[in-house]
Amino acid sequence: MIRKIMILLAVLVAAYGVLIAVAELPPYGMSDNPVHNQVSERYINDALEDTGALNMVTSIVLDYRAYDTMFETIVLFTAALAVVITLKSDKRKERSGK
Amino acid sequence: MRILLEKLIVNYPYFFAVILFVIGVLTVLTRSNLFKKLLGINIMESAVFILFIAAGNIRGGTDPILDTSKPEAVYINPLPSALMLTGIVVSVSVTAFALSLIIRLYREYGTADARQIAQMRNSALKAADQAGRDNYRHPDRSNGKRGDKNDRSNQI
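Protein chains in written order, with this note's numbering: chain E, 1 to 98; chain U, 1001 to 1156.
Just so you know, the hints here were simulated from the structure itself, not pulled from any lab data.
Any given hint could turn out to be false.
[Stated by the list, open to error] Think about it this way: if two alpha-carbon atoms lie no more than 25 Å apart in a straight line, the pair counts; the simulated DSS-like pairs of lysine-lysine are:
(1) U:1036 <-> E:88
(2) E:88 <-> U:1070
(3) U:1037 <-> E:4
(4) E:4 <-> U:1036
[As the list claims (entries may be wrong)] Now the in silico label distances, taken between C-beta atoms and shown as ranges:
(5) U:1068 <-> E:5: 29 to 35 Å
(6) U:1131 <-> E:14: 27 to 33 Å
(7) E:4 <-> U:1101: 32 to 38 Å
Just so you know, these numbers come straight off a predicted model, no measurement behind them.
Note that CB positions come from ideal geometry on N, CA and C, so glycine has one too.
This is chain E alone, in the form it adopts within the complex:
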């Protein structure tokens, strides 16, 4: 119980710090925020010309950052492989290995 209260207090203190940082972010939803810089402008203005896709997210994921997407599939494949290896590794083998 005391442990839980200590955890709660520590997390709340940390959350207060994060909230101060979040409050200092540029105001939400404004079009002149630094997030909307020349990079996203370039994507919005030139995506159709560069990639031929109407959907800009699609053009970023599948064209501008195609390598990213390709290696994402490798990440997914590795995770699936790791899951299969973890679940299929036999108890009997381990015991005989010992």
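Given the coordinates of chain E, work out where chain U should sit on it, guided by the hints.
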């Protein structure tokens, strides 16, 4: 404090993201069930996604799908959405691997409770320690003292 609150009301999606993140952290730290811990990690991931996607939003903007009939439309930032797609894939991979590890732990120990597993590991370690001490005991000192029996009891 009041200025902070006013700024937080302006930045309310970020505020909600922080709250969600705190909920996730508390879930991870206070629950001993490993599945619930994993759920907390997933909640934290969702909080990060919400933070990023909210940062790319523009009030009154439209979806980043080109509409040639509306040349004056303001499009929201497509970059955070595209990046979070990568993040979601990583999150799914991590979740799958963690779930498989928890299933292995459950098969090995018969429980998915982190505290119980730690206790079982502790007692197993203690037993192994005791057996090792018995084996290494010198014949001349077979009646020697057996102190520090509880030296591992504080470990979690």
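task: Against the earlier hints, flag every one the structure doesn't satisfy and list their numbers going up.
output: 2, 5, 6, 7
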